[in-house]
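*Asks:* So the protein sequences, as listed, match chains Z and W. Going letter by letter, the first sequence gives residues 0 to 252 in numbering that gives the first Met the number 0. Going letter by letter, the second sequence gives residues 0 to 358 in numbering that gives the first Met the number 0.
Honestly, the hints are just simulated from the structure, not real lab data. Note that the structure is predicted; figures quoted are calculated from it, not measured. Among the clues, some could well be false.
To be verified - Once the Cα atoms are required to be at most 27 Å apart in a straight line, the calculated DSSO-like pairs of lysine-lysine come out as: (1) Z/K201 x W/K208; (2) W/K207 x W/K180; (3) W/K331 x Z/K17; (4) W/K354 x W/K331; (5) Z/K201 x W/K354.
Unchecked claim - Quick look at which bits of chain W chain Z covers, simulated, 3 or more residues with Cβ under 8 Å: (6) 60–70; (7) 181–188; (8) 274–280; (9) 297–311.
Glycine included, C-beta positions come from ideal geometry on N, C-alpha and C.
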Amino acid sequence: MELTDIIKAENIVSQKSKLITENVMHYCPGCTHGVVHKLLAEIIEELDIQEKTIGVSPVGCAVFAYNYLDIDWSQAAHGRAPAVATAISRLQPEKYVFTYQGDGDLASIGCAEIMHACNRGENIVVIFVNNAIYGMTGGQMSPTTLLGQVTSTTPHGRDEKLNGFPIKITELLAQLDGTCYVTRQSADTPGAIRKTKKAITKAFQNTRLAKGVSIVEIVGTCSSGWKMSPVASNEWMREHMFKKYPIGDIKDI
Amino acid sequence: MGDIKLMKGNEVIAETAIRCGCDGYFGYPITPQSEIMETLMLRRPWEETGMVVLQAESEIAAINMVYGGACCGKKVMTSSSSPGMSLKQEGITYMAGAELPCLIVDVMRGGPGLGTIQPSQSDYFQATKGGGHGDYHLIVLAPASVQEMSDFVVLGFELAFKYQNPAIILVDGAIGQMMEKVELPDYTPRWSEQEIEEISGDWALTGKKNRKQHIITSLEYSAPPQEIFNHKLQRKYKEMREQEVRFETIHCEDADYIFVAYGSVARICQKATELLREKGIKVGLLRPITLYPFPTQAISDLCSKTKGFLTVEMSAGQMLEDVQLAVEGRTKVEFYGRMGGVIPTPEDVIEAFEKIFSI
Chain Z
0 MELTDIIKAE NIVSQKSKLI TENVMHYCPG CTHGVVHKLL AEIIEELDIQ
50 EKTIGVSPVG CAVFAYNYLD IDWSQAAHGR APAVATAISR LQPEKYVFTY
100 QGDGDLASIG CAEIMHACNR GENIVVIFVN NAIYGMTGGQ MSPTTLLGQV
150 TSTTPHGRDE KLNGFPIKIT ELLAQLDGTC YVTRQSADTP GAIRKTKKAI
200 TKAFQNTRLA KGVSIVEIVG TCSSGWKMSP VASNEWMREH MFKKYPIGDI
250 KDI
Chain W
0 MGDIKLMKGN EVIAETAIRC GCDGYFGYPI TPQSEIMETL MLRRPWEETG
50 MVVLQAESEI AAINMVYGGA CCGKKVMTSS SSPGMSLKQE GITYMAGAEL
100 PCLIVDVMRG GPGLGTIQPS QSDYFQATKG GGHGDYHLIV LAPASVQEMS
150 DFVVLGFELA FKYQNPAIIL VDGAIGQMME KVELPDYTPR WSEQEIEEIS
200 GDWALTGKKN RKQHIITSLE YSAPPQEIFN HKLQRKYKEM REQEVRFETI
250 HCEDADYIFV AYGSVARICQ KATELLREKG IKVGLLRPIT LYPFPTQAIS
300 DLCSKTKGFL TVEMSAGQML EDVQLAVEGR TKVEFYGRMG GVIPTPEDVI
350 EAFEKIFSI
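Please put together the full structure from these sequences, using the hints given.
*Replies:* So, in structure tokens, the structure goes:
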């Protein structure tokens with residue numbers, strides 16, 4: 000049997016979503032963004048909403064998300080994605096509008112925008128990738144950096160007296176009446192990835208029901224920023240990040 | 000022929016926005032322009048035309064909502080006053096960089112800092128020279144009457160979409176707060192999906208359907224393409240300077256001296272011109288209507304037969320620099336200004352004029 004006999008359409012059991020472009024991803028080995036992008040592409044394709052989906056990319060590592068997912072995109076100023084998404088959703092209510100934000104973007108500079116978009120109950124989905132560091136700018140402390148965690152701006156470890164405490168922003172957002180579904184997931188094992196896919200699918204389905212903001216936080220790794228191998232990153236995340244940021248649904252109404 | 004009404008300048012902005020088919024207004028309260036959002040909320044245009052009106056959590060959020068709306072090819076706007084405009088600069092430079100059309104209304108008050116709530120023109124530099132970071136310009140319209148507040152909402156959207164660039168109505172609190180007769184435009188329906196497709200179909204975020212994906216961004220990966228893009232912007236600004244200069248001249252034909260003033264100060268100077276003419280002094284007035292592009296050539300053309308220009312502003316002398324650049328030292332350029340919210344009277348202007356030119 001030749002290789003060409005095997006590579007046939009009828010033999011395909013899994014393949015790249017057609018929404019993933021041919022562009023070479025800039026993400027580092029071990030980065031969670033690639034997995035989340037793949038899930039988004041699959042979900043948008045499976046729900047058949049490519050023509051109706053508009054993404055809002057952040058400032059941070061995912062700023063170039065528009066290069067990888069073949070949908071219409073707006074690139075927002077740092078932290079402002081929820082404000083941008085608010086207007087897109089209000090002016091095109093039939094669309095599926097989502098923001099894709101990191102912890103620096105959402106939980107630090109964009110605190111006001113995410114809080115008030117959630118409080119207004121905008122009909123949007125928020126994909127929040129929390130890797131406890133500013134990846135794009137070279138590994139500085141973020142609002143979700145753990146106590147004791149070493150970053151380039153906490154070279155001696157995060158000290159609560161100097162830097163304050165890691166913020167559990169997702170729990171805060173769950174307190175707001177405008178959010179309908181708030182969950183925290185991860186992408187470190189095939190099982191976790193399946194659960195994350197289910198959560199994001201549900202978030203997009205909520206848009207059709209116009210129930211308010213659906214937030215899916217994905218606790219992720221930043222091997223380059225953390226200065227660990229991808230495998231060690233996953234182990235460190237499970238040991239430390241999951242304690243502070245426990246996996247599971249926070250709100251579902 | 001539209002309705003003729005007696006209205007406040009700020010209310011007219013709101014009323015005209017509804018009538019000209021504006022799709023969305025996003026704002027944050029600040030004196031002296033809060034009547035714009037208040038009027039809209041009272042009128043409930045979402046029931047009438049489908050226009051979205053939203054009170055944002057901050058000026059920053061408001062301008063980013065405008066960014067989002069503009070991404071969709073919609074006619075969207077915001078309004079604010081000086082301290083709020085400083086906060087909006089981030090969103091404005093992103094819109095200039097992403098080539099998004101929108102209308103911004105800045106009802107200026109005295110500064111710096113929180114300053115006063117009284118009328119001022121001290122944000123001329125901010126509006127005409129860019130305001131935020133990067134090499135960019137806004138189309139700047141300066142109304143001098145409540146009628147022009149209405150006219151320039153229509154014109155502002157027209158120019159913003161023509162050049163895919165934010166346009167700003169730069170006005171002082173006096174025009175925003177005063178009541179005058181105004182002829183409002185007839186109702187124009189909001190653009191349909193089909194019309195948006197025709198006008199902005201090659202870039203607007205309408206959903207990727209039977210076409211390539213659309214991306215709205217002001218980000219470039221490397222320097223050379225950014226420079227190429229910046230040259231494109233500069234060509235656009237050059238075209239504005241060639242095509243869009245608007246100004247008004249009063250009694251300039253035989254004038255020995257010419258006032259240069261915009262907004263409410265132009266009206267004060269018009270009165271001063273009349274009073275001085277009654278005394279037999281040949282004075283004229285040049286009123287820039289577009290502050291960017293500035294009527295450089297018009298001022299330049301008047302140099303040879305003018306003994307001097309007197310620039311009058313409610314600032315420490317900001318437009319003054321553009322007048323000086325137009326005159327290039329060929330005749331005198333003098334300045335009289337009041338600051339902090341103090342409005343000069345025609346008599347103040349005449350006194351300054353006579354003192355400066357020793358008349």
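*Asks:* Hint by hint, note whether the structure agrees.
*Replies:* These are the hints, each one checked on the structure:
no. : hint            : result
1   : Z/K201 x W/K208 : holds, 24 Å
2   : W/K207 x W/K180 : violated, 47 Å
3   : W/K331 x Z/K17  : violated, 68 Å
4   : W/K354 x W/K331 : holds, 14 Å
5   : Z/K201 x W/K354 : violated, 75 Å
6   : 60–70           : holds (count 9)
7   : 181–188         : violated (count 0)
8   : 274–280         : violated (count 0)
9   : 297–311         : violated (count 0)
Against the hints set out earlier in the document, violations occur for numbers 2, 3, 5, 7, 8 and 9.
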